[in-house]
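K.L.:
Listed below are the residues making up each chain.
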Amino acid sequence: MATDTPTRSARSGDAGVLPRRRGLAVTSWVLRQQRRAVVGWSVALAAVCALYVGFYPAIGDQDMAQLVEGMPDALVQALGYEGIDTAPGYLESTIFSLLGPALLLVFAIGFGARVLAGEEEDGKLELELTLPVDRRRVLLERFLAMVVQLLVLAGVMIATVVSMVLALDMDVMVANIVAATLGLFLFVLAMGTLSLGAGASTGRKAIGLVAGAGVAVASYMAHALAPLIEGGGWLENASPFAWYLGGEPLTEGVHWAGFGGLVAITAVTLAVALPVFARRDLGV
Amino acid sequence: MSSLPGTTTTTSTRGTAPEVVIRTDGLIKDYVTGSRFRERGAVRALDGLDLEIHRGEVFGFLGPNGAGKSTMIRVLLDQLRPTAGHAEVLGVTPQRGGPGLRARIGYLPGELTMGGRSTAGDLLAHLARVRGGVGTDRIRPLAERLTLDLDKPIRGLSKGNKQKVGVVQAFMHRPELLILDEPTSGLDPLLQHEFLAMVREAQQDGATVFMSSHVLSEVELVAERVAIIRQGRIVDLDDVATLRHHAGQQVELAFAEPVDAEPFRGLPGVEDLEVDGAQLRCLLRGEPDALLKVAARHRVVRWSAEDRELEDLFLDFYRVPVRDDEEVAHHGH
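Going line by line, the protein sequences match chains V and E.
Quick note on the working numbering: the first sequence kicks off at 6 and runs consecutively.
Quick note on the working numbering: the second sequence kicks off at 7 and runs consecutively.
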């Protein structure tokens, strides 16, 4: 009765055996697709950071102080320019409160909405979800792909800013630049995860985009406007953007409570999205 | 009690029912339409679907577009959850079976969407990797057989070539159950032939094949039994020969001079008779013998007999209200 031909009837005994040794197949696949995009964003981010830090000696502390002096107090506060005449203040006002978040948010929110809901809408996710892989694992591996890419971009940012700061002999601690970038990474990750989670829960890319971008913009506005409003302290406390930058990481280092809050947003979003994604109908 | 390859279906003891690979009982699936903000409604895509597919058979699942074929298939793959009723694949509900069940299934989607800069070979290697490496060694031989260039970027592939990628990934891990949604769409006739040979070989290896189509000719060469689905219900379930008999042929005869319609009327198997001078058209079900004998009294200058397509069958179903069991019995042997 022995036969060399592999038969299906014989293999049916493997019922329910899951593939082993596949590693993070989904994550690495997504990252391969994203290679060019990550390189592009890295170049853009490095260029913007280098350019703005490079302006610092040209503008100089004195010019900045004069510029701010001529502005209404409210505007200075809203723009976060109070400390712009110091090196950490300059970095914060330019790169860490505006251009860095803007670039990284566009990347993360776009990726978060596209990598699950977007691909589902396009029908590109269908094959993967009919493979022997749990839906929750698909979501987590795609989340992991976002983490890896944002880590790369954060690394590029640290490398650029630190080397410029050292080259220009600016008075900022390297550890604080790392701390501020870590905060930015956590903030952007939280917003990207909101996008991913909202998209995964609904299957609608647009809903993912609105969720991520909406919360990001609202929290930025809350942080900017809180000082202008009497009793606006609660606004500041409720703003994830303030959890990132409100603790002045460029002079004070890691702001544990704030950063913890950002991690919590990411964790809670995933905890909510995973079971919803596992339960709902796909691609309808 | 091991069985020889390909003998799974025939070794079962006489009297015991064949092993059921797919079973649905009163399967209902509603889609919610509209949004939260507008008036909501539900569309019933599957309306109490009952089906049993046995181990080792090739089963054809026929219906016009929008009849519920893909919905049914997507329930079997746990992409959709039933609104009511029950579905079971290889003895377990798709939801409970989860990834372990899907490891035993090969699926070819009806609308295959792929893209990206990666090559076809990279994508197939990735899919095999998610399967834990099962089937990696079969990618190259299968691609060669279907003349698929593995080094071309997916983005630039034609519809037919994308379909080949889909076929390779469905077959590469030698699944116990193949679920194929409109499998030959986009394949040229030569490749359709090759594909059908692959289906037969899989069956010989003991696989069960469930394939949907909206054209009878696509499945009749390989399928033993065929179900016809319309508006989410099975309206007919038969073996292929019976269905083909029921579908009949569209016959056209041209005579040398005008003929009288009367002798043709009421001949066995002749329906929808039209005689227009020297031209005769009719629908023929069953043997052509009686028709030919009457026709041979005249000089026949041209003749054609075309198998009717499933579309025409659907027209019959729409024209004649289906009387459930009677309808099946009516055209049984």
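One should not assume that every hint holds.
Claimed, not checked - For lysine-lysine, the following DSBU-like pairs were computed, each having C-alpha atoms within a straight-line distance of at most 30 Å: (1) V:K129 to E:K299; (2) V:K129 to E:K168; (3) V:K129 to E:K158; (4) E:K158 to E:K168.
Treat the hints as calculated values from the structure; they're not laboratory data.
K.L.:
Take the hints in turn and mark each one as holding or not.
P.N.:
Hint check:
Our distance criterion of 30 Å between C-alpha atoms is broken by K129 (chain V) and K299 (chain E), whose separation comes to about 58 Å. Note on K129 (chain V) and K168 (chain E): the hinted pairing holds, with a Cα-Cα distance of about 13 Å set against a maximum of 30 Å. Taken as a hint, the K129 (chain V) and K158 (chain E) pair is honoured in the structure, with Cα atoms around 18 Å apart against an allowance of 30 Å. The suggested pairing of K158 (chain E) with K168 (chain E) holds, with an alpha-carbon distance near 11 Å, which does not exceed 30 Å.
When the structure is compared with the earlier hints, a violation turns up for hint 1 alone.
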